[in-house]
Amino acid sequence: MPHFLRTFFDQTINGLVIGNIYALTAVGLALIFGVGNLINFAHGSVYMIGAYVGWVCVTQLHMPLVATFGVVAVICGLLGMGIERIGLRRLQNSARIAPLLATIGISFVLDQLVQIIFSPNPQSFPNPLPTTRLQIGGVSIGMTDLLIAAIGIGIGIILFLFLRYTKIGWALRATAQDRDAAQQMGVDVNRVNQAAFALAAILGGIAGMLIGLYFNTVYPTMSFQAGLKGFAANLLGGLGNIPGSIIGGLVLGLVESYGVALFGATYRNLFAFVILIAVLVIRPNGLFSRKRQAPPEPLTGTFIANNKPITLPVWGVIALAVIALLLPFFVGDPYFLQILTNAWLLGMVALSVTLVTGTAGQTSLGQAGFLAIGAYASALLTLRLHWPFELALLAAGLITAILGTLLVLPAFRLRAHYVAIATLGIGEIVNQVILNWNGLTNGVMGLTNLPPPTFLGVVAVLPHQIYWYSLILLLLGALFQWQLLRSPLGRTWRAIREDDIAAQAYGINLNRYKALAFAASAFIAGISGAFTGHMYTYINHETFTNTTSILVLTMVILGGMGNMLGAVVGAVALTVLPELFRGMADYRYLFYGLALIMMIRYRPQGLLGSI
Amino acid sequence: MGSAVLSLALLAGCVVPAQPGAQSAPTTGAIYIGVSGPLTGQNARYGAQWKKGFDLALDEINGAGGINGRKLEYIFEDSQSDPKQSVIVAQKFVADPRIVVELGDFSSGASMAASPIYQRGGLVQFGFTNSHPDFTKAGGDYTWSNSVTQAQAAPALADFAITSVGLKKLAVFYLNTDWGKTTEDLFNKRAVELGGEVVASEAYLAEEKDFRSALTRIRDASPDGVVLISYQADGALIAQQIKDAELKLPIVGSGSLESPDFLKLGGAATEGVLIRGQFLPEDPRPEVKTVVDKYQAKYNETPDYFAIHAYDTIHLLAKAIEIGGPTRQGIHDALPKLKDVPSVIYGKATLDPATQRVLNPQFVDLVVKDGAFVLWDGKTGKQ
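Listed in order, the protein sequences are those of chains A and B. When you line the first sequence up against our numbering, it's residues 8 to 618, in that order. When you line the second sequence up against our numbering, it's residues -1 to 381, in that order.
It should be emphasised that the hints constitute simulated quantities derived from the structure, not laboratory data. Here the structure is a predicted model, which is why all the values come from computation and not from measurement. A virtual CB, placed ideally from N, CA and C, is assigned to each residue, including glycine. Possibly wrong hints are sitting among the right ones.
[What the hints assert, rightly or not] What the simulated footprint calls covered on chain B by chain A, stretch by stretch (three residues with Cβ under 8 Å from a Cβ of chain A suffice, anywhere in the stretch; the number is not a length): (1) 58 to 71; (2) 100 to 108; (3) 231 to 239; (4) 279 to 288; (5) 360 to 373.
[Said to hold, decoys possible] Among chain B residues calculated to face chain A with C-beta under 10 Å, some are: (6) 22; (7) 24; (8) 93; (9) 136; (10) 199; (11) 266; (12) 269; (13) 296; (14) 297; (15) 378; (16) 379.
[Stated by the list, open to error] Not the full set, but computed from the structure, chain B residues with beta-carbon under 8 Å of chain A: (17) 114; (18) 179; (19) 215; (20) 219; (21) 220.
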């Protein structure tokens, strides 16, 4: 067989095997999205727990492989039902964003529990299968490859039969199509939800166990990437579309494998997300959505709850600002001031998110990308062109506004959750470009010796100086945003959020207004990123990661969607909370997760309520 | 706008608000080291290893009566190795008069973001895992490290692969972090000087698990050996997948691979892997054997480099406290004077005031044999 052909076949097998795992994860997410209209952030954690249960059965209890799969299925199934109980059922009739936040909290708790019980060290998972490889015309296939393929195909068939021919399968499909109608016809939607969560968790758990076998390792932090890739595969095929998810998973696996083969492993995620966005641009509802499908639900129903927000009169807000400004006179502790400085800088990012997500209805999970652009822009302007900090800071905001808007431009055709994943992809792409564009960004080495922030030539390095500087930037950002929201522009954004089709019918050019929203958002985020970079004096591609994007969205949901004061309150709460739990050492993030679940349980519409 | 004008004036430094009074370190009770590192999150496992090494060293020091009769203790604050949190921890330590010296953080991003705060606070930041070439340069005179830089380790690895093992056409896998990238650059440079040739170079990210695609490319470049510039978990995965792909090539690895985890995770696939390392638990030298035995008795497991390096670092700092006294300034002044401090890893460690790093570190060559690291006899696997 010619050389390149052999290479091609090898890469294809790699891609299909990994794709199978992505598909199993994606199908679970699709099931849950179908019945609950919920992106389950805890799905990756279930996958990780499946891997650990498998590891315990095989290496500690020495169980045969078949029995192990049974145990994994039972435990993960029960776990799925538990997640439904805590994360969905009690929050069902409240704000529809609440369950999403609850699943984020649950994932923190599960990840930390496993880390505490089994230690953070990766565990070796020796493969009990024979290591002989089948040679078929120069291409070699391992036993694990075959096992994964067999399980993937087997589960696909079982799932098809289940959904097609069983009563609960019908109920599941009916609920996914129209929840209220299904309920009216006597379907017990709670049971259906529970079944969907259980089934999804079983698939996720088995996928986790298979990946443990395939790579011979399990470790507590394997959950995040798994959830991310499953989510991407699901979107590729069409949200909630089960056959689409399977194909989406396989396509993603293949694309990554070919991408790595051509350009190297560093480009894996870059490839995955570029392809994802490209597909979404051509087919905004995923590869396999039917043409005549009803448009995906606008964010209105999903993210904006019907409730009375807590509003503060203008003098109240001014009073709060004055108190914040005077605080360093009473509390000089630099530790305390640094915590609040971080909160003000993240508060700016939260404002920028609540602008696009809460007001204009475009969920952004890519804000870390804007932070990184701002930080690198200002760093390069000061380091290479020797611009003064003040000028570089402003320029960083403008550059981020322009670059950020251009990057998000392809996502304007998308709606609801598709915008979320597209922006997440954009954030990821920004980091990958920073990592690989050595000439401009100094690659993995990062940029060193950023000059500290200055104000009119005076260096601001002391804790109270940094505190005031960041607070004033936050207040200016808020004032800017408030002015925008009061103007006709703000009304137009809200109109797009409420009903984009109606808005379009009134002659509103959607793309132009979405671009304005993203430009304003990126401007504020870019300035926050630039200031943060100069405060750190060192930045690299890991300084602003997509976990920051998720953290900031969490702040916004917690504070109340579209609520500017809520965004800042959310930022303060989630910056202070981990510090309060500092005494608990390893248990710190376990309590953080529990606190998130509790808060959303009692204030599902956000602390200050959505606007 | 009145308040804004006032605060701008304050920002410019016209008025200085309430500051905690400048406190000096207490002169009785325990002496405290502040540790900023990951106890939760992606890198939690490194923090866990550190703790074991610290505790063992402190058992010895405090068992022998402490430093001038005062106990040495540490306060470990979790930063998740995230700059957002490491700067908060830095402020906390600087404001805490009990802390006389700081250790960490783990990653460059988290450590270097905190450096200016330590520098201004006059608290030595001893970044014992920081190999980023700019770490001590960018920080200032309060930023020190006893971690080997790539400028020392990478050429030594090339010497080993080409001169000692006798490889000519090399395929290199490297972890795409500042550590991996610098090592790879310096490795390649030295390899070419020695007459070797790097026929394939594969970068990968820390979260990468699937090397099968990259291995297919490496196979196509037909090298006569593979060089791993990797950490334990990823190195083990690569070795595993090299074996699965039935590529029968000798593997030479960086010292970072040397850990029981590498053997445990990589299993039979690690057999015959050659490493130019820094530490071998089975090393018969008495200074190594005593410490390893103690570690095994305490934790019932074999220590890895990270744990022993943490152990060494505590002893080094104890020496600095002994010489300079238990104050921030005392330790700062004592570090350049540290000469030939007994060390498990370096034999004897001397800090170089010019680079603020350790001078002439020594290396040890090993091979994996029957599932264990043994000293390399200079013949096994030689090409």
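Comparing the hints with the structure gives:
no., hint, in the structure
1, 58 to 71, "violated (count 0)"
2, 100 to 108, "holds (count 3)"
3, 231 to 239, "holds (count 4)"
4, 279 to 288, "violated (count 0)"
5, 360 to 373, "violated (count 0)"
6, 22, "violated, 17 Å"
7, 24, "violated, 18 Å"
8, 93, "holds, 5 Å"
9, 136, "holds, 5 Å"
10, 199, "holds, 8 Å"
11, 266, "holds, 9 Å"
12, 269, "violated, 14 Å"
13, 296, "violated, 16 Å"
14, 297, "violated, 12 Å"
15, 378, "violated, 24 Å"
16, 379, "violated, 22 Å"
17, 114, "holds, 5 Å"
18, 179, "holds, 5 Å"
19, 215, "holds, 6 Å"
20, 219, "violated, 11 Å"
21, 220, "violated, 10 Å"
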